[in-house]
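Q: As a plain string of letters, each chain reads:
Protein chains: 2
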Amino acid sequence: MHTLPSHAMRPLCLNPSLCSSRFPFFSFSIPIFHKFKNNPTIYKKSQKGPPFFSIRCCGSGSVTAKPSWELRRNRAAVQEPDEKVVALRQLFTKPGIGIDAYIIPSQDAHQSEFIAECYMRRAYISGFTGSAGTAIVTKDKAALWTDGRYFLQAEKQLNSSWKLMRAGNFGVPQVSEWLNDVLAPGGRVGIDPFLFSYDAAEELKEVISKKNLELVYLYDLNLVDEIWKESRTKPPNKPIRVHDLKYAGIDVVSKLSSLRAELVAAGSSAIVISMLDEVAWLLNLRGSDVPHSPVMYAYLIVEVDAAKLFVDDSKVTSEVMYHLKKAGVELRPYDSILSEIRRLAAEGAHLWLDTSSVNAAIVETYKAACDKYLMNRGSRGKTKNKQYFESDSLPVGPSGVYMQSPVSLAKALKNPSELEGMQNSHLRDAAALAQFWCWLEEEIHKNVKLTEVDLADKLLEFRSKQDGFLDTSFDTISGSGANGAIIHYTPEAESCSVVDPNKLFLLDSGAQYVDGTTDITRTVHFGEPTAREKECFTRVLKGHIALDEAVFPENTPGFVLDAFARSALWKIGLDYRHGTGHGVGAALNVHEGPQSISFRYGNVTPLQKGMIVSNEPGYYEDHAFGIRIEVQSHSAISVCS
Amino acid sequence: MHTLPSHAMRPLCLNPSLCSSRFPFFSFSIPIFHKFKNNPTIYKKSQKGPPFFSIRCCGSGSVTAKPSWELRRNRAAVQEPDEKVVALRQLFTKPGIGIDAYIIPSQDAHQSEFIAECYMRRAYISGFTGSAGTAIVTKDKAALWTDGRYFLQAEKQLNSSWKLMRAGNFGVPQVSEWLNDVLAPGGRVGIDPFLFSYDAAEELKEVISKKNLELVYLYDLNLVDEIWKESRTKPPNKPIRVHDLKYAGIDVVSKLSSLRAELVAAGSSAIVISMLDEVAWLLNLRGSDVPHSPVMYAYLIVEVDAAKLFVDDSKVTSEVMYHLKKAGVELRPYDSILSEIRRLAAEGAHLWLDTSSVNAAIVETYKAACDKYLMNRGSRGKTKNKQYFESDSLPVGPSGVYMQSPVSLAKALKNPSELEGMQNSHLRDAAALAQFWCWLEEEIHKNVKLTEVDLADKLLEFRSKQDGFLDTSFDTISGSGANGAIIHYTPEAESCSVVDPNKLFLLDSGAQYVDGTTDITRTVHFGEPTAREKECFTRVLKGHIALDEAVFPENTPGFVLDAFARSALWKIGLDYRHGTGHGVGAALNVHEGPQSISFRYGNVTPLQKGMIVSNEPGYYEDHAFGIRIEVQSHSAISVCS
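Line by line, the protein sequences are chains A and B.
The first sequence begins at 952 in our numbering and counts up one residue at a time.
The second sequence begins at 952 in our numbering and counts up one residue at a time.
By construction, these hints were calculated from the structure, which means they are not laboratory data.
Any given hint could turn out to be false.
Straight-line Cα separation of at most 30 Å, BS3-like style, residue types lysine-lysine; simulated pairs [as the list claims (entries may be wrong)]: (1) A/K1197 <-> A/K1416; (2) A/K1493 <-> B/K1485; (3) A/K1045 <-> A/K1090; (4) B/K1493 <-> A/K1560; (5) B/K1560 <-> A/K1522; (6) A/K1090 <-> A/K1197; (7) A/K1493 <-> B/K1493; (8) A/K1493 <-> B/K1522; (9) A/K1409 <-> A/K1397; (10) B/K1522 <-> A/K1485; (11) A/K1114 <-> A/K1189; (12) B/K1045 <-> A/K1161; (13) B/K1522 <-> A/K1560; (14) A/K1189 <-> A/K1259; (15) B/K1107 <-> B/K1185; (16) B/K1485 <-> A/K1522; (17) B/K1161 <-> A/K1323; (18) A/K1485 <-> A/K1400; (19) B/K1107 <-> B/K1400; (20) A/K1259 <-> A/K1323; (21) B/K1185 <-> B/K1259; (22) B/K1090 <-> B/K1045; (23) B/K1092 <-> A/K1318; (24) B/K1522 <-> A/K1522; (25) A/K1259 <-> A/K1277; (26) B/K1092 <-> B/K1180; (27) A/K1493 <-> B/K1560; (28) A/K1092 <-> A/K1197; (29) B/K1162 <-> B/K1090; (30) A/K1522 <-> B/K1493; (31) A/K1485 <-> B/K1485.
Build out the structure end to end from the sequences listed, making use of the hints.
A: In structure tokens, the structure reads:
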């Protein structure tokens, strides 16, 4: 692989159960095969795509770049939760509801990694503000699941009416197992079907059906929203902007045309795009609805002869309106998505739905409408005449095409303009980092006491002076000594450490610029590292270089190369428990699929020319130090030679 | 990995479609990522296990170690095939048959890699004697499929009534596609259900059902056998011998006891073992029924309280009889397997069947008997009282447990006695090879003209002088210059080359000893290799060493390590189109599962302590030279340090 001239960084999105930074075998220094224990968990189908990238900190409701402690302070203002749980339970028996339990996940309706504050329902109901967690309220219990990163925080934030479920700990049941355990057979489990991908809802439904529990989709209201009411922040309504063609490289008409060709080839007549970065990429638009990702809340439906953007029109400027009109994209209210789905089914549309990301509300609505169509068909005779009905090869009546969204791969294969924007933004980002490291070295030599948060804030200050800077691309991981071993560490102003010049310091950070997105990690020492630290750093660097220098056949999936990054560590019985590389969006999400470089070998997406992927091996010694070295790489000599 | 002190070799069993020794991109010498084309085919489920290892030369009907040209001469004596095809067709319309086509595969009833001459029905009916091929006779057509290794041979051996189907060539349909094409809807396709694994038959059935063709199982007679009659050799009947406990390491009672514990854990009450090496390994017996593998034709059924060996009792010596009796194993006629299956189903047995290897006759018989049991149950009330019926946890009535045979993994994890036998036999084998190379160097220096077959025969002579030598473990691959680039090359006395001292010479060979099995490849030059040959050899050797030195976490599947063996070749745009390592039996089959080291990442079997696996990267330049360097490795320092 050939790296971009500048760089960026952040740890691979991890399965929460894998957050332990050190394997049991890490203490064996003799390279013997049979001493290795606890192989990394196999990548599971249900973890593919967005969920794989969706467990990081969700940031705050604001999208303006502010020092991170300020954002965090806003989030911490929570009410006394008991009343809320009581109020929620009172809704269980209302007409049309009739449930025995209600699940409140962390997700928004688009499986986003970073979500707007008004959708942080799990944080509101439980008081726990960490990025990952699931709350369940039954008629007499309230429980919250989170992973090892957040046990301490959750203990502090949950009041006595909540039980903390330490996910991954021995004997702690999964959400579905727990439901099977605490509810009586025949019980009804309510969910907001917008907040679960169809695949996730189906999986849950199947498991709880074993105990004869029923999953109930409450389409019309979210019970948390019902009690949240006036204290709830309004949905974000910052204006959408056009992403300049000089950065986007391909105009919207061309992108829609390519997509339509794929629809026809797949035997479908329309597609629902629900991932926010896919909508933004396809329409060359950018938004400010969530922190860290330049996206706006919207669905997009592309038919062979039409396209409709479902979005709050208060965000649509006249420039955006004109931009969309030129590409033949009509506007529809965000909330009218389901009625449009029903209309399409009634017209016999063959809808392409990526059930790993499209929410259960949309998929179930379509399926129900298809069933209705077929029932009515006999009596009503012929349906409306739509062009995709004239083909003999398509099935009669609506039927879904359930495959991965084609936008995912198209977006991952960067065009020359996107690559240029990524290179330029990385150059400016590297300049800010150089200023930062220079400043830091001087401060340390002057014996100035600086905390981890001070450093994150100072780095933001340097970055924000760069042209085109918009936001951080994730919460900065600034970890001194033992904190560097916490893979997802985010320092808090009240509790973070002073940076110790005699310990390793790990800095994983990135930014959103108008032309590109960065993600870079460096691990440094301000004095003399120990022999152990030197050896581990050298082996991480060797792995980084081995992956960087890898040459491999076309169509090789990323996991084939993963071992190159680990081999030097394996030789002395060490490893790191996260993936080695993730895709990075071009002025879009800092984590994107479909490619990855990981020990999770379920992802067989080939690495292809034009893809950008991070290269970030690491090593973590609990309670001692953490090492990670990350740049973004681009696999094509033609661009980066 | 830590290698055994001596070594052995043979190319990885390849998918016939992968036999081309060179990728299109091999001519690119600049290491650029996007020039790589034609990634190796992904390992498919249907290729798992035995079929993966079953496409090599099937050898001859004799099991005595003879020079290979002598064996080959016997095989070539074929009759005029037209009469046979006519006679076969006449059987199509007989009562109880009524078919429109008959498929004659290469397999025996046990999915063996090497089969006895009397089961070489495809060779008999078609005249084509290569190891891999499928013949189909319809009422007006006769076609034979084989792969690129055998196109020339098949052209010579097939007469005009046969059409050669060059599998893998552009536009050549697969067997099932061809049937769908040439038969009228409603047509009946006959097979001998003993000669197809259940999975293979089901796959075929599904594909041809799309054209409304029916797969007809002819249990009672094999149509080829019907016309073969007196000219057919008798089934092998060489005596079975006891495999000494000092080599086997674990006695039969202990092995059966472990197996029974696995049966109970899996909720089954009996298992059918049909792989010949599994039967031999479980019972500490060895046979001489097929070339190259020390096995005997037999099925074994192990119940929780009984065990029955289905074998021709003329092969059972009194010593073997006593040995079996001690372990509680009863004898049954080989041909009575189906009636025993019916009996077990009628008793309500939960039969463990590995449908990837157990033949369709057995599985279908069991399924039909289960259905019958359930139909009769209402009227007959309770079934016979069998101990596995008393458990509440088992389903009522017989039901199959369809999983990989547990014997496969148990056999792969060698015990200390087996490892010792493997080491000892490798030492003796290495001595024979040293004698051979020494002799060869002298002959070459004396300018003696020697053919590739001369060398194979001389090597056999040296090996046969070693203690405990029994047979070659596969047909020796002895290839000079361009012949070395033919991955499955087997020299023939009539057509082989004289070994050219100015070209690379590739020798891949192995032997069966009483205590172990070997498989080793060396590539040598007798003068001055070209710069290109040196560079390629060095890169193959670097790959071999990289894999040999790999240290990796427990539970790592072999494919994770495969890239280590290729990386040095990839750097200059080269690759080899076969796997890197296969399991090797301990005084058993030279190719065994379940582990492998391959780019085919469908095989997720972890490499484990005690497994023996070959390490054999290569490089093949068409019409020029071939390079392969192979030893057997054993992944545990505790044994091989």
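Q: Take the hints in turn and mark each one as holding or not.
A: Quick rundown of the hints versus the structure:
no., hint, in the structure
1, A/K1197 <-> A/K1416, "holds, 22 Å"
2, A/K1493 <-> B/K1485, "holds, 27 Å"
3, A/K1045 <-> A/K1090, "holds, 13 Å"
4, B/K1493 <-> A/K1560, "holds, 27 Å"
5, B/K1560 <-> A/K1522, "holds, 17 Å"
6, A/K1090 <-> A/K1197, "violated, 56 Å"
7, A/K1493 <-> B/K1493, "holds, 18 Å"
8, A/K1493 <-> B/K1522, "holds, 17 Å"
9, A/K1409 <-> A/K1397, "holds, 16 Å"
10, B/K1522 <-> A/K1485, "holds, 29 Å"
11, A/K1114 <-> A/K1189, "violated, 37 Å"
12, B/K1045 <-> A/K1161, "violated, 52 Å"
13, B/K1522 <-> A/K1560, "holds, 17 Å"
14, A/K1189 <-> A/K1259, "holds, 20 Å"
15, B/K1107 <-> B/K1185, "holds, 27 Å"
16, B/K1485 <-> A/K1522, "holds, 29 Å"
17, B/K1161 <-> A/K1323, "holds, 29 Å"
18, A/K1485 <-> A/K1400, "holds, 25 Å"
19, B/K1107 <-> B/K1400, "holds, 28 Å"
20, A/K1259 <-> A/K1323, "holds, 24 Å"
21, B/K1185 <-> B/K1259, "holds, 24 Å"
22, B/K1090 <-> B/K1045, "holds, 13 Å"
23, B/K1092 <-> A/K1318, "violated, 48 Å"
24, B/K1522 <-> A/K1522, "holds, 22 Å"
25, A/K1259 <-> A/K1277, "holds, 13 Å"
26, B/K1092 <-> B/K1180, "holds, 23 Å"
27, A/K1493 <-> B/K1560, "holds, 27 Å"
28, A/K1092 <-> A/K1197, "violated, 55 Å"
29, B/K1162 <-> B/K1090, "holds, 18 Å"
30, A/K1522 <-> B/K1493, "holds, 17 Å"
31, A/K1485 <-> B/K1485, "violated, 37 Å"
Comparing the model with each earlier hint shows violations of hints 6, 11, 12, 23, 28, 31; every other hint is respected.
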